[in-house]
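Visitor: One-letter residues, chain by chain:
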Amino acid sequence: MTDQLDTEIRRLMGELSQRAPLAPTPEALSRRRQPRPKGPNGTRPLALVALLVVVAGAVVTLQLGDDSSTRVATGTVPPSQASGGQGNLPPDVALPEPTFLTVATPPGGLRFIEGGSRTAGGRSDEIVLADSTGRAVRLLWNASNSCATGTPRTTVRGATDAPAEVRPQALSSDDAPWVHSGDGGSLRWCQQGKVEVNLIAMGFEEEATRTLARTVQLAPGSVEKLIIAVPPGFVAGRPNAQGWLYRLVFRPEQAMSSRPQLIVTITSAWATDLRLHGARLGASATEVDIGGRRGLLTQAPGGPQYQWLILVYDDRTVVTLQGDGLTREQLVSAAASLRLADPSLAPDISGDSGRCDRLGMCG
Amino acid sequence: MDEADAQIYRKYADELVRFATALAGPDLAEDILADAILRVFSSPAWRAVRNRRAYLYRAVLNEATHAKRSIDRRLRREAAATGASPPPPSHFEERELIDALRRLTVRQRAVVYLTYWVGIDATEVARGLAVSVRTVERELATARRRLEVLLR
Numbered sequence: 001m002t003d004q005l006d007t008e009i010r011r012l013m014g015e016l017s018q019r020a021p022l023a024p025t026p027e028a029l030s031r032r033r034q035p036r037p038k039g040p041n042g043t044r045p046l047a048l049v050a051l052l053v054v055v056a057g058a059v060v061t062l063q064l065g066d067d068s069s070t071r072v073a074t075g076t077v078p079p080s081q082a083s084g085g086q087g088n089l090p091p092d093v094a095l096p097e098p099t100f101l102t103v104a105t106p107p108g109g110l111r112f113i114e115g116g117s118r119t120a121g122g123r124s125d126e127i128v129l130a131d132s133t134g135r136a137v138r139l140l141w142n143a144s145n146s147c148a149t150g151t152p153r154t155t156v157r158g159a160t161d162a163p164a165e166v167r168p169q170a171l172s173s174d175d176a177p178w179v180h181s182g183d184g185g186s187l188r189w190c191q192q193g194k195v196e197v198n199l200i201a202m203g204f205e206e207e208a209t210r211t212l213a214r215t216v217q218l219a220p221g222s223v224e225k226l227i228i229a230v231p232p233g234f235v236a237g238r239p240n241a242q243g244w245l246y247r248l249v250f251r252p253e254q255a256m257s258s259r260p261q262l263i264v265t266i267t268s269a270w271a272t273d274l275r276l277h278g279a280r281l282g283a284s285a286t287e288v289d290i291g292g293r294r295g296l297l298t299q300a301p302g303g304p305q306y307q308w309l310i311l312v313y314d315d316r317t318v319v320t321l322q323g324d325g326l327t328r329e330q331l332v333s334a335a336a337s338l339r340l341a342d343p344s345l346a347p348d349i350s351g352d353s354g355r356c357d358r359l360g361m362c363g
Numbered sequence: 001m002d003e004a005d006a007q008i009y010r011k012y013a014d015e016l017v018r019f020a021t022a023l024a025g026p027d028l029a030e031d032i033l034a035d036a037i038l039r040v041f042s043s044p045a046w047r048a049v050r051n052r053r054a055y056l057y058r059a060v061l062n063e064a065t066h067a068k069r070s071i072d073r074r075l076r077r078e079a080a081a082t083g084a085s086p087p088p089p090s091h092f093e094e095r096e097l098i099d100a101l102r103r104l105t106v107r108q109r110a111v112v113y114l115t116y117w118v119g120i121d122a123t124e125v126a127r128g129l130a131v132s133v134r135t136v137e138r139e140l141a142t143a144r145r146r147l148e149v150l151l152r
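Heads up: the sequence lines are chains A and B, in that order. Each residue of the first sequence is one higher than the one before, counting from 1 in the working numbering. Each residue of the second sequence is one higher than the one before, counting from 1 in the working numbering.
So here's chain A without its partners, still in its complex pose (with noise of 0.2 angstroms):
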C-alpha cells in the first residue's frame, strides 16, 4: 500500500500543480502596489489595509538547494551535538518575520514615544540546551575579546552588567571556579586560549556541568566556533541568530520624566519553548496566561522596580516588555492589550547612531 500511495499522492500533486494558474508578470505585481481605487463607501480593500499593517521585516535564510548561506542555526536540534555554525547543526535555518505590535492601552501616563527597528545579533555567541524537567544549559562564547585579559560579564542570572573579574582566567573548564547559585551554577574559562567561555547550568551539580564542560571544544578547523555535547533529553537553540528586532517605547505624557517608562521588544522567535526563555531568565520566572499565550514573570536585575514578561505570541514572535516602575499587574494589563500595527512606528535605525543609543538597540 505504501508504494501505491506514494504514487498516487505523486499523481494528485502533479494534478494539482497542473492547475496552477500562470504566476503574474512583474508589471503585474508593480500595478498592484500602486493604491486601489476607494470603494463607493470610501473603503479600500481590505486587503490593502492589511498589507498595510502587517510587519514585513526579517533576514530569513532557508535551505532548498539555491544559495549558499552562513547564517547561524536556530530552534531545536535533534542531533547529539549542537555547534556554532558547522558541524552537526544545520548552517542556515528560517527565521520567520516577527509579527509587529504595539501595546494598545499602556500602563495610566504613558504614551509611545518613539520606535525603531534592526537586525538582531548578540555580541556574543550562543547556545541553549533544555529539556522537559526545566534543566538548562547556556553556552556562550566570544571569540573577538582576547582570553588574556578579557572578562567574561554575563552571570548566571544572564545580566550583562555585572561587576568584571579581576583574576586571571582558567585556561581549562577542570580549572574554572565553581560558580554556585540556585540550582546550578557556571563556569568561565579561556578554551584553547582563543575563546571566552561562559557555561552556565541550571538544575545541574557541579560534577555534571564540568562533565558538560570537558565537551565544549573548538569546532573542526575554526577558531572562533564552540561545539558541545547535548545530553540525551536536550534540545539546543540558537538564541542569537539574526533576526528583526523592534522596539518601542513608552513613558509619561508631561515632561522629560524617563519614569515610569515601558519599553516592548519585539523579536523574531528563535524558539518559542518557554523553558528555553526560561533557562535565560533564571529560577525566579514565573509562568503567566495572558489571554491564552503563555509568558514569563520576572524580575529584572536592579531591584523590584524593574519587571520583566516575556511572551511568545504565535509561532514566529516573541515579546518582552520591561517595566521600569511599574507593577507586575501593569505589565499583564499592557501584555493583554498587544494588537497588530504598522512597523512604521520603529522604522530601521542601523544608520541612526543617536537613536540606537537612545532606544538602547546599540549593543
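You can take every hint at face value.
Reference listing, derived: stretches of chain B covered by chain A, where coverage requires no fewer than 3 residues with Cβ under 8 angstroms from a Cβ of chain A:
1. 6 to 16
2. 27 to 35
3. 142 to 148
Using C-beta positions, here's what the derived DEER-type ranges look like:
4. B:T142 to A:S172: 44 to 50 angstroms
5. B:S70 to A:Q18: 23 to 29 angstroms
6. B:D14 to A:A336: 40 to 46 angstroms
7. A:G108 to B:G119: 53 to 59 angstroms
8. B:R10 to A:E287: 45 to 51 angstroms
No wet-lab data here; the hints were simulated from the structure. These figures come from a predicted structure and were not determined experimentally. Note that beta-carbon positions come from the ideal geometry of N, C-alpha and C, so glycine has one too.
Fit chain B to the known structure of chain A by using the hints.
Guide: Chain B alone, transformed into the frame defined by chain A:
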C-alpha cells in the same frame, strides 16, 4: 519593484505559483503569491536575505496560512451575523481542490508538496519551513494517514 527583484521574481515565479496552488488551490494561488511577493519586497530585511528562493517559499506558506485564517474568520463573522451555526474550518475554495487534500492543514500540504513533488528530504523541508525534522515527519505521517483513508 526594481529590476533586481524583478529578475529574482521571474526566476522563481512559476514554481512559487505551483506551490501556492498546492497550498490554497488554483483560485487563490495568484493572489497569495502576489501578496507574499509584495510583502517580501517591501521588507527592510529582504536585502540581507541570502537564500532568497527558500525565503520566498516560506513567504508563500505564511501568506497561505494567513489567507486561510482570514477566510475562517470571515466565515465565522458571517455565520454570527446571520445567526447560523459556525461553519467548519475552510479549505479555501473547496470545489476547486482535490477532495483528498481538503483534509490537510496548510502546513501538511506544504510538507506533502515539497516531499512528493519538489522531491526534497525531511531535513531540507524542515529547514525550509523553519520547523524541526520531527515535526516534518509527524506532519507527513499524519497527512499520509489521512490520504490513505481517503484514497482507498
